[in-house]
Each structure stands twice: as structure tokens, then as C-alpha cells.
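K.L.:
Given next are the chains, with one letter for each unit.
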Amino acid sequence: MSSEHSTESIQEHIRVYLMVFGALGILTVVTVLASYLEISTSEGIFLALIIASVKASLVAGYFMHLITEKNTIIWILILTVVFFFVMLFLPLVSYTDQVHI
Amino acid sequence: MEVPYIVEEREDTGLINSKLGIWIFLASEIMLFGGLFSAYIFLRLAAPPGDFARWASELSVPLATVNTLVLISSSVSMVMAWASLKLNDLSKYKMYMGITLLCSLIFLVIKYFEYTGKFHHDIYPSSSTFMAIYFTLTGLHGIHIIGGMIVMIYFWLPIGYKMWETQPEHFANRVEVLGLYWHFVDLVWIFLFPVLYLL
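Here the protein sequences line up with chains A and B, keeping their order.
First residue of the first sequence: 1, per this note's numbering; consecutive thereafter.
First residue of the second sequence: 1001, per this note's numbering; consecutive thereafter.
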């Protein structure tokens, strides 16, 4: 976030922070309630990760100001996510190869 | 020697150096925790069916839910501390930074009770594959909480915030960088909670 901030814009930011706080609290309760649904394990994992991703996006987007952040940081993060998936899927290829899937 | 571009932004990156530095550090942290999440997935794939879910049922969902809410609250109070500095209100900054510290302490105390509860039932990292990865992930996360708290205590005490009187913009940038680290610690827990306690 840039250093130029008017009092009005900071107060608008604070209003948004409190709304995000409310949303994160509600989504935490939803995560717990969703774990009691009678669905399959894979469906449960999918649902829990979707909710966690929404919560993480709210934190990164608003608390970490990523939605207004400079492209330099966005590109660093895109590169990191690419390497993360490479790290995740390379062993998966090896695993599926070993069990002949 | 003074570190350049800590108040004014560099023309080529469009950022202050401290912010670029913390984001590169956080990128390395994503790979660190990402590697462990990857380990969790493969250990779970290789475990007997139902083994991870059975051991996960030994954990306390209510305590972890409270801890999640505590950590989210600490993230909000951290960003409010930064906003207070931008509004030139040092006393509110001290209050919000104090709340953030208190929340992080509550988180650690709850974690302490969770750990000791397991030890009293003879459950240790060596008890099962699930417990090994549970203690590794939450232990590493706990170390990050302690690291953040050390910096928070420094910024909360007069020795840390005295910079506000002479270089307010620089001090606000320091708090913003600490905030970025702290939100990342919160973000990691947002994934740890369902993965370890609910699935």
C-alpha cells in the first residue's frame, strides 16, 4: 500500500477491515459446521479447502493489501505459486508411477 | 550506513525495500510450509484407510476453533494498529498492538493446553504418522507465533515506538512489514485448522 493516505481513505479501510473480520468469523463457524455434514471424505476435503481458500483470499487481499499492491509483488507470488505446484506434483508423479495408477 | 529506500519508494520496483524484502521472505515461507503440506498429503495417501481421521479425532475441535478466532482477531488488531499510525494516533496504536500481543499469547496458552493434554494421554509425535506431522506443522507454526511476538513486544515498548517521534513514516512502514508477516502466520493457520482438525 502506498504511503499517501488521507484520513477518509484510512477510515474507509477500517470499515472494510471490520467487514472482513465478520466474514472470517462466519466462515470459521461454517468450516466447523461443514465438517459435520454427511458427505464423502473427498467432498469434505474439497469443501474445507474451498472455504479455507476464500478466507485466505480475504486475509491476503484486504489485510495484506494485495488487491492494491504493485505488480512486482504480484509477479513474485505468481512465480512462488508455480514453484509450489511443481513441488507438489513432482512427487505425485513419482507416487502414481510406483503404485502403477 | 543507512538502508536506502525505506521511506520513499524505488522507481524501478515501485516499492520500499523493506516491503519487497518481506514479500520475498514470505515467498520462501510459502515453500517451507508448502513442502510440509505436501508431506502431509503423501503421508495421508500412504496411510491405512481411516488412520489419519482416527488420530485426528484425538484433537480438540472446540479449542482449535477458539484459537482460529483468536488468531483472526489478532490479525484485525494488527492492521488496526497500522491504520492508527496512519491516523496519527499513537495511543490507539499502542492499544491495538497490545491486543494483538494478548491474542497471540492466548493462542500459545491454548496450544500449550492442547499439547500437554496429548502428552497426558501418552500421545507423542512418535505415536503415529498423523501425530508426527501434526506436531511438526503446529510446532513450526508456534515458533513463527513466538518470533512475531518478540518483534511485537519490541514495537509495543517505548524503545521500539520512540522512532515515531522522529521518523513517523519509517515507523509506520516497520509496523506494516510486521503486519504482513503476522497475516501470513494467520493465513497458514487458516489452512492448518481444517486440514489437521476437521478432515
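Calculated from the structure, these hints are not laboratory results.
Just so it is clear, CB atoms sit at the ideal spot from N, CA and C, and this is done for glycine as well.
Don't take every hint at face value.
Examples of chain B residues lying across from chain A (beta carbon under 10 Å, computed) [to be verified]:
| hint | residue |
| --- | --- |
| 1 | Ser1038 |
| 2 | Ile1041 |
| 3 | Pro1062 |
| 4 | Ser1073 |
| 5 | Leu1087 |
| 6 | Leu1090 |
Result set (DSBU-like, lysine-lysine): computed pairs, CA atoms no more than 30 Å apart in a straight line [to be verified]:
| hint | chain 1 | residue 1 | chain 2 | residue 2 |
| --- | --- | --- | --- | --- |
| 7 | A | Lys70 | B | Lys1092 |
| 8 | B | Lys1094 | B | Lys1118 |
| 9 | B | Lys1092 | B | Lys1111 |
| 10 | A | Lys70 | B | Lys1094 |
K.L.:
Now look at each hint and say whether the structure bears it out.
P.N.:
Structure-based check of all given hints:
1. Ser1038: holds, 5 Å
2. Ile1041: Cβ of Ile1041(B) sits 7 Å from chain A, so the hint holds.
3. Pro1062: Nearest chain A Cβ about 9 Å off; hint holds.
4. Ser1073: holds, 8 Å
5. Leu1087: The hint holds - Leu1087(B) has a Cβ within 10 Å of chain A, the shortest such distance being about 6 Å.
6. Leu1090: Result: violated, 15 Å to nearest chain A Cβ.
7. Lys70(A) <-> Lys1092(B): Holds: Lys70(A) and Lys1092(B) sit about 29 Å apart, inside 30 Å.
8. Lys1094(B) <-> Lys1118(B): Roughly 36 Å between the alpha carbons, so the hint for Lys1094(B) and Lys1118(B) is violated.
9. Lys1092(B) <-> Lys1111(B): holds, 29 Å
10. Lys70(A) <-> Lys1094(B): Distance ~29 Å between Lys70(A) and Lys1094(B) Cα, so the pair holds.
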